[in-house]
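Full structure from sequences and hints, please.
At position 9 of the sequence shown (counting the first as 1) the number is 9 in full-length UniProt numbering, and the numbers step up by one without a gap.
FYI, nobody ran anything at the bench for these hints, they're computed from the structure.
No incorrect hints appear here.
Here are the simulated DSSO-like pairs of lysine-lysine, each with C-alpha atoms no more than 27 Å apart in a straight line:
#1 Lys55 - Lys101
#2 Lys71 - Lys55
#3 Lys55 - Lys10
#4 Lys101 - Lys71
#5 Lys10 - Lys60
#6 Lys60 - Lys71
#7 Lys60 - Lys101
#8 Lys10 - Lys101
Distance windows between CB atoms, simulated:
#9 Lys71 - Asp44: 29 to 39 Å
#10 Lys60 - Asn7: 15 to 25 Å
#11 Gly19 - Ser112: 20 to 30 Å
#12 Thr8 - Asn69: 25 to 35 Å
#13 Tyr125 - Thr22: 36 to 46 Å
#14 Asp15 - Ser90: 27 to 37 Å
#15 Ser33 - Asp114: 35 to 45 Å
#16 Val68 - Val105: 13 to 23 Å
#17 Ser112 - Ser90: 22 to 32 Å
#18 Gly67 - Thr22: 43 to 53 Å
#19 Asn113 - Ser90: 16 to 26 Å
#20 Thr16 - Lys71: 36 to 46 Å
#21 Ala31 - Gly67: 36 to 46 Å
#22 Glu18 - Gly67: 44 to 54 Å
Source: prediction; values computed, not measured.
Here a beta-carbon is modelled for each residue, glycine too, at the ideal position from N, C-alpha and C.
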Amino acid sequence: MTHDSPNTQKMIFLDTAEGVATTLRPHWSEATSDRATVVQAQPDMLEIVPPGTSKGSGVKMLLDHLGVNAKEVMAIGDGENDVEMLELASFGIALSNGSDKAKAVADVIGASNDEDGVADAIYRYAF
1 MTHDSPNTQK MIFLDTAEGV ATTLRPHWSE ATSDRATVVQ AQPDMLEIVP PGTSKGSGVK
61 MLLDHLGVNA KEVMAIGDGE NDVEMLELAS FGIALSNGSD KAKAVADVIG ASNDEDGVAD
121 AIYRYAF
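Written as structure tokens, this is what we have:
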């Protein structure tokens, strides 16, 4: 994240949801400024990644490599770290117990992960 550690791909911090929201996220957002992206993947998990790094950018690289158009992609996610991927896909599904940010960009809100939401979405929309 700094010039001293150019090979750092991701840092993950775990705490209570309150600790992440009130202490970790504000601290690391300020400390990293625009040198990194700070994402709350789950309520109790904070991720810090290089700027421009996201599941969306990773999926885009894979699609380009495979020659597949994003219009042919369905994505399923539940965390804030899934937002760019859900936006990239032509059809994005957020799990009902997912983050508000994921649900805000999704085309459809599916069942929760406790209700096999990923499997349900695949059967419902991909087959």
